[in-house]
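Enquirer: Chains as they are written, first to last, in this note's numbering: chain Y, 1 to 315; chain D, 1 to 226.
Check before you lean on any hint, since a few could be wrong.
Pair ranges (Cβ atoms, derived) [to be verified]:
#, chain 1, residue 1, chain 2, residue 2, range
1, D, 60, Y, 10, 34 to 44 angstroms
2, D, 198, Y, 32, 31 to 41 angstroms
3, D, 198, Y, 20, 45 to 55 angstroms
Some chain D residues close to chain Y (C-beta under 10 angstroms, calculated; not the full set) [said to hold, decoys possible]:
#, residue
4, 72
5, 78
6, 79
7, 89
8, 154
For the record, the hints were derived by calculation from the structure and aren't laboratory data.
Even glycine gets a Cβ: it sits at the ideal position worked out from N, Cα and C.
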Amino acid sequence: MARQQPGRLRQAFEVYLSNHGRAALGALGRLVRDWTPSLMTAGVIGIALALPAAFLVLLDNLQSVTGEWGGDARASLFLHKDVKPEAYRELAQQLRGEDGVAAVSIIPPEEAMAEFQRMSGFSDALELLDENPLPPVLVVEIASGRAPAQIEALADRLGGLPQVARARLDRAWVKRLHAMMALIKRGIWVIAGLLALTVAMVVGNTIRLDIENRREEIVITKLIGGTDGFIRRPFLYAGLWYGLSGGLLACILVEAGRWLLVDPSRQLATLYGSGFRLHGLGLDDIMLLLACGAALGWAGSWLAVGRHLAAIEPR
Amino acid sequence: MIHFDGVTKRYPGGHEGLRGVTLKVEQGEMVFVTGHSGAGKSTLLKLIPLLERPTRGQVVVAGINLGRLGKRRIPHLRRRIGMIFQDHRLLHDRSVYDNVALPLVISGVHHREVGRRVRAALDKVNLLDKERAFPVTLSGGEQQRVGIARAVVTRPPLLLADEPTGNLDPGLSEEIMHIFEDFNRVGVTTVIASHDLALIDQLGHRHITLSDGALVGDAIRGARDG
Ligand SMILES: Nc1ncnc2c1ncn2[C@@H]1O[C@H](COP(=O)(O)OP(=O)(O)O)[C@@H](O)[C@H]1O
Ligand SMILES: [Mg+2]
Numbered sequence: 001m002a003r004q005q006p007g008r009l010r011q012a013f014e015v016y017l018s019n020h021g022r023a024a025l026g027a028l029g030r031l032v033r034d035w036t037p038s039l040m041t042a043g044v045i046g047i048a049l050a051l052p053a054a055f056l057v058l059l060d061n062l063q064s065v066t067g068e069w070g071g072d073a074r075a076s077l078f079l080h081k082d083v084k085p086e087a088y089r090e091l092a093q094q095l096r097g098e099d100g101v102a103a104v105s106i107i108p109p110e111e112a113m114a115e116f117q118r119m120s121g122f123s124d125a126l127e128l129l130d131e132n133p134l135p136p137v138l139v140v141e142i143a144s145g146r147a148p149a150q151i152e153a154l155a156d157r158l159g160g161l162p163q164v165a166r167a168r169l170d171r172a173w174v175k176r177l178h179a180m181m182a183l184i185k186r187g188i189w190v191i192a193g194l195l196a197l198t199v200a201m202v203v204g205n206t207i208r209l210d211i212e213n214r215r216e217e218i219v220i221t222k223l224i225g226g227t228d229g230f231i232r233r234p235f236l237y238a239g240l241w242y243g244l245s246g247g248l249l250a251c252i253l254v255e256a257g258r259w260l261l262v263d264p265s266r267q268l269a270t271l272y273g274s275g276f277r278l279h280g281l282g283l284d285d286i287m288l289l290l291a292c293g294a295a296l297g298w299a300g301s302w303l304a305v306g307r308h309l310a311a312i313e314p315r
Numbered sequence: 001m002i003h004f005d006g007v008t009k010r011y012p013g014g015h016e017g018l019r020g021v022t023l024k025v026e027q028g029e030m031v032f033v034t035g036h037s038g039a040g041k042s043t044l045l046k047l048i049p050l051l052e053r054p055t056r057g058q059v060v061v062a063g064i065n066l067g068r069l070g071k072r073r074i075p076h077l078r079r080r081i082g083m084i085f086q087d088h089r090l091l092h093d094r095s096v097y098d099n100v101a102l103p104l105v106i107s108g109v110h111h112r113e114v115g116r117r118v119r120a121a122l123d124k125v126n127l128l129d130k131e132r133a134f135p136v137t138l139s140g141g142e143q144q145r146v147g148i149a150r151a152v153v154t155r156p157p158l159l160l161a162d163e164p165t166g167n168l169d170p171g172l173s174e175e176i177m178h179i180f181e182d183f184n185r186v187g188v189t190t191v192i193a194s195h196d197l198a199l200i201d202q203l204g205h206r207h208i209t210l211s212d213g214a215l216v217g218d219a220i221r222g223a224r225d226g
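One chain only, chain D, in its complex shape (with noise of 0.2 angstroms):
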């Protein structure tokens, strides 16, 4: 689903977010990627959904080679991709129905589906009853789970998460990764950015640890048997 191969990001002024990265997710895979701050985790995510380009190697998801794509075809290879951050980045002016509804009006789906979708979106991070609500009048866990029901409302493949919980309370943190799991299940390859180690090795899945911008760590674990 995703390929790496000697990936090096290199920021102008001479940071260096990714080092020679080379890694492989295969479909259907949950993964958590960790590491200190500035480690690179986030340069990796966005290179993804070409929000960055790499500066060396090359980058392949869903067998598309990143590196040929043109400015017109992004558009495309982000409607693929279900995104979630830290800060959610909802529009504050609309309402959550609403914010859940862009992507699909965005590809056209047709307007009589859009209703369907974004009420079966929200069901599954169980927030029907806040469609009419506006983001500000949520608590965060909620805003995440906006974010959640926007990403997946247009059933992509992959869902990528930059620090999805670093807001949240443990106990947030855990309902919110759950929810990613039951995607998981269902075949959606999952990317995690992550430094809640606790609660990553509680979950037991593939973790990759990256330190200044270099893979160190690559382990797969069984879950935990206690």
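One chain only, chain Y, in its complex shape (with noise of 0.2 angstroms):
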């Protein structure tokens, strides 16, 4: 008895396994031969996930380029008002060769002081005074391609000189843009978010229908005694092999869309000095693509096949 276990456990296990291969395959075999409206059902849920897909990619390339203007980040380093001339020059040559300074240009306090007097127009005020009250400055332009983050860290660090009274981070710019881009970003999510939902309410709607059509198979199976789980197995696969097809379709979408690019845009780039090149989806972008369209139409078949099925009662 004892040693018979393992072989029945075995062929449990390999009936569970045909039953859900077979449930798969007949679900499978079950669309491609009614192609025409499976593709429709693909066809709308390819475009639904292509949509927002396209959109989080147009953004990636988008950031890449504005990585490359990030050099317009700049610091200004108000120096100590004792630091002496030779010791600023030897201050700049020295942050010229640190790692992503990109340039450093000195303001001396008595040209600061003149281009005072030329725009502020107190210059009869300012005669009065005996000393140039003003420091000398750095002015640090940080290399291109660095996050906010990286910047902030550069500008902490040259404000911690000893020489340096006080560091100012001109970063408005880099931060509106990134700013901006985050909100792109997030309504492109709430996008997709909606999208899917949409997903799955039209393969909800797909297996409902479907569920009607076989409604005289669903009876007879419940009359010979197919359990709940059973009956309900090649709907669910009905549902995912939608999602994993129509994710298939919006991976093929959008590389389509990318390949239109291409070529304009690296015209483009090439314009502009950049060797800037439009990337499309990546290997771990096209599992989650299919992924989600897999779970989305699992998801909406099992709503649709929890309300509907539990109504088809043999009498």
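Hey, can you piece these two chains together into the complex? The hints should help.
Expert: Set out below in structure tokens:
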């Protein structure tokens, strides 16, 4: 008896697998046989998934382009007033060699004073001062392609130098751009959520019709002792296949769109002297799209099956 | 095998399908249920696989009190009961083979075993040569035999048939009834609703009569001896 147990367990497992395999392949066969409506359903799902995916890819590309322009970030270092010209020239030279620094320019106190007099109109009042109150300033251009956090860290480090009294980071532009992109990204995710709901509802409705069409078969299966799980299974797999094929279609649509944009975008990049290349879906994006499609299809059919199968009872 | 105790079935709307029926069918018996149209024959049969639940009274099948059987256990009850219907209830988009295999697939019988048992069942109803055919291409009698093969393929201890010969001519009806007798002979309890009184008399088995939902006759007759 005890020796029989593993064999029976294995057989039960085999039966379980073959039940699922049969349901999965049966559902797939049914979709392929009746391919026109299946393709239309997959098409709706594909477009609904492709839209947010394409926007996210586009935004990713935009982010990598604006990364190249990130050099506009700059920090102004106000030095202590007693730092001598030789000292701040040496400091500037030293900073030029630092990682993350693209260029350093010097504004000596005299130059700053002259400009201030010119711009403020206080020239007479300023003449009365017997000493120039302005400190020497170093303007540090930060190298491109840095994240806001990296830029801030660099500015902090520069602010900590002994010769520096105060560092001011001029990063409004970068901050605004990143905030805008974050906003757009959030918007795309909201739209993606709504489209995901659409996918689930489309699959749910398709499965509902499918259940209606196979009412007699469901009744007969219940009559001869089919469990709810057995009856549910092919419909759940059908939902899974719809979602998966929709996800696949979405990948194809996004890649086709990229293919159409590759040449013009390269021309544009060349005009700007940039080596930018439009990148598409990575392997992990493709996996994510397929998984989303499959999960949404499964969820949609789960909802339909839960609502409509229980209502069919044999008489 | 089957025990009805004071069973009443009232349908929504007030129609009474059965009224206070008490009866017992022993294991291995063959029983005919007769009565006029609307007498309650179908209702009586439907209470056994829990296609309906009684309004009052108690039904016990194979030692199981159906009143206490949860919804989730119903499929397992139905797998032990072979059911045959007047309108066959076959799946028209599947071959004869697939129709007969369905109960085995549902019960999780290993696929190596399925082919053997389907052919054995088709052999018993003389349809071995039609396993690839689709039900619509078969005659009424052949479709009914497919229905019987599907009912017996899991070797259930109990067979229920609701007017299985209702649409068949007398010759075919007799043939179908003989198939049921064959199964009964190997120990399968068989309950058949029919109003073919001539044929029932000729076969000579226990014979229950319903009228307006009430049990009005229960006669056990010996086989006809001329
Ligand atoms: N689903 C139902 N709803 C309402 N009344 C029903 C239903 N099924 C049967 N009946 C009624 O119950 C009675 C018995 O019906 P039934 O058991 O089908 O009789 P039989 O099979 O002997 O012709 C009839 O009066 C019929 O109208
Ligand atoms: Mg009837």
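Enquirer: Determine for every hint whether it applies to the structure shown.
Expert: Comparing the hints with the structure gives:
1. Between residue 60 of chain D and residue 10 of chain Y the beta carbons are some 37 angstroms apart, a value that agrees with the proposed interval 34 to 44 angstroms.
2. Distance hint check: the CB atoms of residue 198 of chain D and residue 32 of chain Y are about 52 angstroms apart, inconsistent with the given range 31 to 41 angstroms.
3. Distance hint check: the CB atoms of residue 198 of chain D and residue 20 of chain Y are about 51 angstroms apart, consistent with the given range 45 to 55 angstroms.
4. The restraint placing residue 72 of chain D at the interface with chain Y holds, with a minimum CB-CB distance near 8 angstroms, inside the 10 angstroms limit.
5. For residue 78 of chain D, the interface hint holds, since its Cβ comes within 10 angstroms of a Cβ in chain Y; the closest pair sits about 4 angstroms apart.
6. Residue-level restraint check for residue 79 of chain D holds (minimum Cβ-Cβ distance to chain Y is 4 angstroms; threshold 10 angstroms).
7. Because the beta carbon of residue 89 of chain D sits about 5 angstroms from the nearest beta carbon in chain Y, less than 10 angstroms, this interface hint is met.
8. Taken as an interface hint, residue 154 of chain D checks out: its beta carbon lies about 8 angstroms from the nearest beta carbon of chain Y, inside 10 angstroms.
Checked against the numbered hints above, the structure breaks only hint 2 and satisfies the rest.
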